[in-house]
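Student: Okay, here's what each chain looks like letter by letter:
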Amino acid sequence: MTFWVVQALNGVSFGMLLFLLAAGLSLIFGVMKVLNLAHGSFYLLGAYLGLTVLRLTHSFLLALAAAALGVAALALLLERTVLRRIYGEELRQALLTFGVLFIIADQALWIWGGNPQTLPKPAGFTASVRLGDVIFPSYRLLVIAVGVVMGAALWWLQERTRVGAVIRAGVDDEEMARGIGVNTPLLFTAVFALGAFLAGFGGVMGGALLGVYPGADFEVLLLAFVVIIIGGLGSLKGAFVGGLLVGLIDNFGKAFFPELALFTVFAPMAAILAVRPTGLFGKA
Amino acid sequence: MRPARLVGIFAALFILAAPAFLSTYYLGLLTKMLIFALFAMSLDLLLGYTGLPSLGHVAYFGTGAYTVGLLSLRVVKTFWINALAGLAAPTLVALGFNLLTIRARGSYFLMITLALAQVLWGIAFGWRSFTGGDDGLPGIARPMLGGWSMAGEVPFHYFAVVVFGVCLWLLSVVVRSPLGRALVGIRESETRMRVLGYNVWAYQYVASILAGFFAGVAGVLFVYYNGYVGPAYLSVVVSGQALLMVILGGAGTLVGPALGAAIIVLLENFLSAYTERWLTALGIIYVVVTLYAPRGVLGILRDRLGGGRRAAT
Amino acid sequence: MIGAGVEVERLVKNFGGLRALDGVTLRVEPGERRAIIGPNGAGKTTLFNIITGLLPPTEGRILLEGRDITGLPPHRRAQLGLGRTFQITNLFPKLSVRDNVLLAVQAADPARFTLHRPVEAYPHLFREAEALMERWGLRDRAAAPVRFLSHGEQRQVELLLALAVRPKALLLDEPAAGLSPAETAALAEIIRGLPRQTTILLIEHDMDVAFALADRVSVLHYGGVVAEGTPDAVRRDPQVGAIYLGTAAPYS
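Residue numbers (this note's numbering), protein chains in the order written: chain A, 1 to 284; chain B, 285 to 597; chain C, 598 to 849.
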């Protein structure tokens with residue numbers, strides 16, 4: 001019994017990380033129609049930046065802020081200088097982000113080295129807590145809590161604010177949105193930066209949980225893809241539910257079939273593609 | 285005679301005569317260029333002609349390589365059996381995988397093809413007992429063909445040349461066939477093709493199988509070339525390099541990607557001698573090409589020399 | 598070649614909250630020329646998209662020659678004889694006129710699946726393409742990429758592609774869109790000259806063209822058929838006039 005609870009909590013905490021990533025990726029795709037292949041790289045960079053800031057300041061909060069904002073700033077720069085020159089050509093934009101992926105991955109390898117590193121957990125969350133019969137790391141509980149809070153914040157932003165309405169309009173029909181006066185270029189920049197912010201934020205949280213190492217960008221990108229395919233592109237709810245599902249499947253899969261690795265998430269993804277190609281909550 | 289044809293003849297002569305004046309090292313490099321040219325051309329069939337963007341094409345390359353490696357080290361050393369298996373395995377993967385995924389739209393297709401490559405990479409990396417994990421499988425001997433050993437650089441070069449030549453011929457027949465033209469039509473306007481009565485899914489499926497097959501051929505060649513196979517043969521980095529080769533050379537031209545492959549292989553070889561930051565350079569080339577030369581080298585040449593003479597690409 | 602009757606029965610199409618088609622029933626006899634008119638947003642192109650299979654209906658059936666094709670994919674419907682032109686020109690932009698026409702000619706030919714022989718091994722395809730272009734006066738533009746053609750010439754190619762597969766029933770979506778009066782007149786002549794057996798459904802905004810070419814007219818408004826009859830009868834129908842002058846109540 002304890003085993004199941006622990007594994008489930010593990011899966012949920014991992015799922016929250018995936019949610020943060022998938023939400024950003026889904027948002028960028030939903031509004032800009034760009035598949036941001038550098039999204040995993042934003043996560044990686046966030047983790048490494050957080051690591052460096054943590055080493056300098058010993059403040060987890062500062063590391064979070066610096067990493068997330070730093071990655072967002074880089075994304076902003078990218079979008080303004082290169083990405084916006086090829087608006088409307090989805091494949092070209094995706095390929096450009098692919099090139100960025102290589103650059104970031106290699107530079108990170110150069111700057112921080114090839115050894116796996118772990119971010120130290122924030123003070124006060126380094127120990128485990130007791131929940132009935134179960135002993136569980138308090139940091140993982142923090143990750144779950146943060147994930148839920150972020151999810152709520154994003155939902156509130158999307159449903160209850162003008163900015164959210166503009167974003168939803170952009171997702172529904174970009175041309176119409178432009179027609180009614182939405183400043184599309186500004187929207188795009190903001191959305192790209194927000195997505196990157198979430199990825200960088202997730203990087204720091206994930207870096208303390210799982211560590212950071214070369215190749216994490218690919219792994220995390222792939223999992224974000226799986227979440228989006230299962231949950232549906234352009235849907236916040238899909239990113240949340242998909243994230244939870246994939247987190248749980250991945251965790252239990254690793255527990256029972258460690259050598260098959262990613263195959264346990266690949267199977268449901270292929271199944272969804274075959275049966276319901278737009279995902280559980282996606283728009284066509 | 286058209287300049288393109290002249291260049292082609294010169295290139296063929298160069299490749300055939302190369303062992304006479306190139307050192308073993310550079311001959312090996314030329315052979316490597318041919319292998320990756322084949323890989324790039326196979327991707328061109330999928331991306332350039334049919335319009336299906338794949339980030340996972342390395343899956344077929346690596347599957348072919350691993351099949352040959354595993355069989356020749358553990359089961360039997362007979363070339364024909366191993367080569368046949370090495371071609372059958374990626375074809376089977378293509379048959380199964382694309383059955384599910386060909387109907388995915390653009391970005392979904394990008395995602396799921398990446399997923400396939402990553403999953404196979406994960407298995408190769410993680411299943412140490414079977415695949416050797418991160419260390420891979422070294423010590424794969426070059427085949428004996430009709431009493432001749434391919435171990436030397438020169439015989440292997442000619443072996444690769446023959447295989448490349450045959451595949452190039454086969455691919456060019458396909459792209460000039462009615463099916464090949466239909467693929468181009470699908471790339472230009474899927475809806476139009478549907479409404480004219482073409483079963484678009486069937487054409488895309490066939491193209492993906494062919495593309496996977498020829499990528500597998502390249503993989504088989506490469507594992508014999510190196511005498512080794514490892515998870516890097518399934519890495520998305522290689523997929524990405526192939527994609528760049530196609531775009532750099534000029535998608536949808538068959539010859540363009542071969543040229544792109546030659547350029548990238550040469551660049552990698554020379555840059556790696558001076559710096560470890562080859563991937564950064566690759567990324568920068570990606571960004572630059574995507575921004576300023578999306579139609580690739582051949583596209584630029586076409587524009588300069590007045591395109592439109594051969595209108596079908 | 599006998600024309601095919603086209604029928605739709607109680608066709609409903611919902612896009613989320615929007616009811617684009619509200620129980621449309623039409624019955625077009627083989628060889629008939631039916632014009633579909635109605636203000637913008639009435640659902641005309643949606644109707645065509647559903648008939649050709651590019652959109653699934655929410656409810657209702659589509660029949661071709663009495664055969665239920667509701668579940669068939671677009672290419673199967675085309676193979677059964679359904680042809681279509683698009684309101685927004687949908688050609689193969691970077692290919693030459695000749696290559697465009699060749700693809701259309703090839704579509705109905707068993708050679709279209711061959712992958713082991715070059716297309717030059719099938720000279721009859723080229724001959725037919727040349728003949729088509731000749732008949733339509735596009736021969737001297739044969740090598741030009743279609744995106745460099747004038748709008749009028751592109752609309753011609755659009756129609757040519759649909760005709761190359763020798764359809765039994767043809768759906769023309771605003772073929773005169775964007776054409777000058779002279780080009781429109783020429784187009785009307787071409788349509789009038791099409792084989793009498795071909796069933797034609799024509800969406801047109803240009804009333805003169807629609808009424809001149811049609812045997813019968815159906816008027817669509819807010820996703821429903823509000824009037825149907827001979828061109829004269831429809832022209833005189835006060836409700837139709839009100840719709841176009843904006844004074845009619847929404848169809849309910």
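Be aware that a few hints might be false.
[What the hints assert, rightly or not] Which chain C residues face chain B? A few, computed with CB under 8 Å, are given here:
#, residue
1, G663
2, I685
3, F689
4, A701
5, Q703
6, R709
7, L758
[Claimed, not checked] Residues of chain A placed beyond 10 Å of chain B at every Cβ, according to the derived structure:
#, residue
8, L35
9, L61
10, R80
11, A94
12, Q107
13, P120
14, S128
15, V129
16, D133
17, S138
18, L142
19, V148
20, I180
21, L280
Hints are computed from structural coordinates only; laboratory data are not their basis.
For glycine and all other residues, C-beta sits at the position ideal for the given N, C-alpha and C.
Student: State for each hint whether it applies.
Tutor: Cross-check of the supplied hints:
no.	hint	in the structure
1	G663	violated (20 Å)
2	I685	violated (11 Å)
3	F689	holds (4 Å)
4	A701	holds (6 Å)
5	Q703	holds (6 Å)
6	R709	holds (5 Å)
7	L758	holds (7 Å)
8	L35	violated (4 Å)
9	L61	holds (32 Å)
10	R80	holds (14 Å)
11	A94	violated (6 Å)
12	Q107	violated (6 Å)
13	P120	holds (28 Å)
14	S128	holds (28 Å)
15	V129	holds (32 Å)
16	D133	holds (32 Å)
17	S138	holds (30 Å)
18	L142	holds (29 Å)
19	V148	holds (26 Å)
20	I180	holds (26 Å)
21	L280	holds (14 Å)
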